[in-house]
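Q: Just so you know, the sequences run in chain order A and B.
Going by the numbering used here, the first sequence opens with residue 522, and the numbers climb by one from there.
Going by the numbering used here, the second sequence opens with residue 110, and the numbers climb by one from there.
FYI, nobody ran anything at the bench for these hints, they're computed from the structure.
Keep in mind the model is a prediction, meaning the values are calculated, not measured.
Cβ atoms here follow ideal geometry from the backbone N, Cα and C, with glycine treated the same way.
One or more hints might be untrue.
[Said to hold, decoys possible] If you want the ones that stay clear, here's a sample from chain B, every Cβ over 10 Å from chain A, calculated: (1) A128; (2) K145; (3) G232; (4) R302.
[What the hints assert, rightly or not] Below, simulated DSSO-like cross-link-like pairs (lysine-lysine); rule was C-alpha separation at most 30 Å, straight line: (5) K343/B to K1027/A; (6) K228/B to K1009/A; (7) K554/A to K378/B; (8) K353/B to K384/B; (9) K527/A to K384/B; (10) K1148/A to K209/B; (11) K212/B to K1157/A; (12) K351/B to K958/A; (13) K353/B to K939/A; (14) K353/B to K950/A; (15) K1163/A to K212/B; (16) K1009/A to K378/B; (17) K185/B to K1009/A; (18) K1106/A to K209/B; (19) K887/A to K145/B; (20) K209/B to K523/A; (21) K327/B to K1023/A; (22) K530/A to K584/A; (23) K378/B to K527/A; (24) K901/A to K343/B; (25) K554/A to K1023/A.
[Stated by the list, open to error] Taking CB as the label site, the calculated pair distances span: (26) R435/B to G780/A: 45 to 53 Å; (27) P1123/A to V309/B: 22 to 30 Å; (28) A1063/A to E251/B: 58 to 66 Å; (29) K351/B to L992/A: 47 to 55 Å; (30) P1123/A to Y247/B: 17 to 25 Å; (31) E534/A to K327/B: 57 to 65 Å; (32) G1265/A to R196/B: 25 to 33 Å; (33) E225/B to P1123/A: 40 to 48 Å; (34) K327/B to K1231/A: 48 to 56 Å; (35) E225/B to E1129/A: 41 to 49 Å; (36) V309/B to E1129/A: 36 to 44 Å.
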Amino acid sequence: MKTSLKWIKTLVEGIDDITPQEYADAMTMSGSKVEFFEQLDADLDKIVIGQIDKIDKHPDADKLVVCQVNVGAESTQIVTGATNVFEGAKVPVVLDGGRVAGDHSGNTTKGGIKIKKGKLRGVESNGMLCSIEELGSNRDMYPEAPEDGIYIFGEDAPVGESAVSYLGLDDCIFEYEITSNRVDCFAVLGIAREAAATFAKPFTPPVVKDTGNDEDVNDYISVEVLNTALCPRYTARVVKNIKIGPSPEWMKERLRAHGIRPINNLVDITNYVMEEYGQPMHAYDLDTIEDRKIIVRNANAGETFVTLDGQERKLDESILMICDGKKPVGIGGIMGGENSMITDDVKTMLFEAACFDGTNIRLSAKKLGMRTEASGIFEKGLDPNNAILAMNRACELVEELGAGEVVGGAVDIYPEKKEAITLPFEPEKYNRILGTKIDKDTMLAYFKRLEIEYDDAKNELLIPTFRQDLLSYADIAEEVARFYGYDKIPTTLPDGEATTGKLSEKLSLEAVARDVAEYCGFSQAMTYSFESPKVFDKLLLAEDDPMRQTVVISNPLGEDFSIMRTSVLNGMLTSLSTNYNRRNKDVRLYELGNIYIPKALPLTELPEERMQLALGFYGEGDFFTLKGVVEEFFEKVGMDKKVKYDASADYPFLHPGRKAAIVYDGAVMGFVGEVHPLVAGNYDIKDRVYVANIDLTMVLPLVSNSRKYKGIANFPAAMRDLSMVVPRKVTAGEIEEVFDKKGGAYLESYKLFDIYEGKQVVAGFKSMAYSLVFRAQDKSLSDEDVTAATDRILKGLEGLGVKLRQ
Amino acid sequence: MKDRLQEIQKRAFSQIETAGGLDSLNEVRVSVLGKKGELTALLKGMKDVAAEERPKIGAMVNEARAKIEEKIAEAKQAMEREELERRLATETIDVTLPAKREKIGHRHPNTIALEEVEKIFIGMGYEVVEGPEVEYDYYNFEALNIPDNHPAKDEQDTFFINKDILLRTQTSSVQVHQMERGRLPIRMIAPGRVFRADEVDATHSPSFHQIEGMVIDKHITFADLKGTLSEFAKEMFGEDTKVKFRPHHFPFTEPSAEVDVSCFKCGGKGCRFCKGEGWIEILGCGQIHPHVLEMSGIDPEEYTGFAFGVGLERIALLKYEIDDMRLLYENDIRFLNQF
């Protein structure tokens, strides 16, 4: 919403001295947020209306002329290259030391361009004659200005006066952010009412005179509304003997200030009333209305209609049409029809000011793909009581501007009049919500300014119908707060019962995951929750892979964002790919993010959201780097059992020989592995990539902080190194399982310290060397104790074909 | 006897002083104090001394022995010290050579900002909770006073799964879940992902984060809301931060406000950062609408509350002066490494 400050000042008494900044600040703080304001003449200075008395040729330049210009008290010499000037012309003149907003092509310069006297090809010039562009405007707003030349004023322009004021550029334009609940503020009168309340000054809206001749509008037109739910009010008046012509300067000035191009008196009146009252109006050429009848009805299925922009529109039964006795003449509240539009030779006109159901307008406009200026307003849900006020104002302007003869009376189909609602006046409640001690009379004074009446006897507030947002005591409390001043409300802290501040257990777990990942050198990535269904092919997943069962967005931004992810792998690989292809070295990333697993498809209940910790890297490190991170994490969250790795688990996106399910206490927590080179290739990575994924939803119930101190051993440890020859296929995991089973109570720990395959080892075997540590809590171990244990282990290993190295 | 003692001591002292190293010092010790040393020999000669003299002479010998031992110990310490100094002098390193660093990863700026917010509210007794990202229409809209066909529903460019299930457009949905649990009072913040159908550009993303806050108790006022958020703003943006509450409209709060803080770059004078305004809008808030409380089974006559919602990316972008939102989701390590 835009308003001109000059216009507002005509509607609020006693704010003439308020500066734009003061106005903007006060309006923002009372709820009409000023987004910005623009002083139209900020960059204009010392520009007057001058009259060219005499034009001489420039002695040394063919393309320049020398003008003697009367600028009021004196005459001054100005050299110009303009070709449209003539003796007697009244023109804008910027005097020596003045400023213009920009150049002749409409490029503006911040702060303006300073004009100084000087010599042009040797001839003195004391200023400059200006085009409309140099004044910071354009020919859209001032169509009378020449396409390429100096602006020429009308003959009655007062010489010596400010050209800026005369053109109406001495104004300041405010742009507001109006919230959707304040439909009344999409109108100059609504803003002015707020301004009056804000500054506690009288609001002086126009007093509309009665209009119309002795005739009766009902002799010209009859109106029937078949769907009053979608059209709660329809008002119509008729104007005959139309004389199309230009609007007066004051009206053009206000329209221009609001960024609306003046066209002719009829169009301008409609636009003006739209700005002033916030009520869209439509005008039909009455001579095209068959049977002199307007019928408001729903469209028929499959009906088509050509709107005034020449486009054919396909309609359905939900769309409301304005029809005459035979055919549709407009889409209600959206756009009129080509068949009934006003042309330059219109004689009689039907003015329509109606009120339509906002939701229906919004849905229809969406369906038709034509969100027009009118629909944008109607969809907010207008006050039906405003329609006739706007209609009568428009007719008053028709008479005032001499645009035609208004026929007496108005058609007004308004079966269910919207009445003002009442709310109890509850000052204590307002104070209780706000934490204030504002007295009753102060509140009532605020209400009065807002045209909310107070009925003392009933202790009730009468809410005007244009305030559709005031429905409960909380809304009234906000009105009190707005005019008391949000800034004056005290600042306190809630007292009440104490509560414990904490992270949920899940969020605490995520925090540990972040710490561990970062200490291990991984940086945090964030990727989108939705992706393309094509990722499953990139990941080489089978057609029937359960990961392909996804939650699908019905209105996605595009296929690439159309399904909710069932794995965080694609995000990770995409991020690694971005880095790889930007030649970043040794990149390690992790992400904490949900995957979305539907319980059944199509979705009838919410999918399961499972938080994943994904880790991925390329460059320095290998498979075991990631295993290390996994184990550090489990240890950190108190999962102290031995983590197992199942290499037989099937992950098509991983290297078949370098992959494992992460198994803890018999349950799969996730996977770790090298990305299959074909998959890496699908992401344009030509290096080995490693990924791990841990399902934190699985981890959460296993988290424990019940560790107890075990004491530091008092007795010495006994060490034994076992150097073994192991069949190639036997894994370290299998050997360690034997250690765990057969090692006995004294086996404290073991560590692989050498693994070798090659010349010194028989083919089909590898050499592995473990260091074993034995210790008892209550004694020094004897040689026999340790030997007994190692013998048991070796015996157990025999079953795997493992022998001690000779 | 006495003279011999003094002579031995004197000679020993001078030998100690001139000893060139630990070895020669040891030689002195052996030659004087050793089994075959001079002083030992002297003690052995005690049997020739008159019995009554023996204690006196014995004491004198012991005194001399102690002095010599002490002298040797002093000299030894000095020599060891000298030797250490010499070694240390050879071990000088160039301390300006590059550090050997463990490569610790970097946290996403969103997370850093979020953790700061969480810390502040946890300190004020708020629980940090979550709600589903794929959500029922009811929790995202209806229970928040946004019935079907409400313009606010359209404005939010919702991604729908079907007519009842959608991707939440605001973390305000978590308010409803928390109210429905029925455990009062409530002090909570709920961070999380939200989704809106905005095309990706420098200032928009179809997926971003919000932090919802809510307090419900007996006698919670708009003044409490002002106090709480002013406290938050000062903690988050600095003690000198000024806070401005402007009237605004949200369907689920009434009265509602938007909150601006004085620009933390220029302090309110106006700069490129705050677009010359001196103020930066950071959040929306208000007293929970009585109807919203009612719908979730809380009696608005007994309980009141406030709620607020902060855009996490907005805070992160402002705080770290990141000029393009896309950087947050690209995960270029050269970006992440800066935090």
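Q: What hint numbers does the structure not satisfy?
A: 3, 4, 13, 17, 19, 20, 22, 24, 25, 26, 28, 29, 31, 32, 35 and 36
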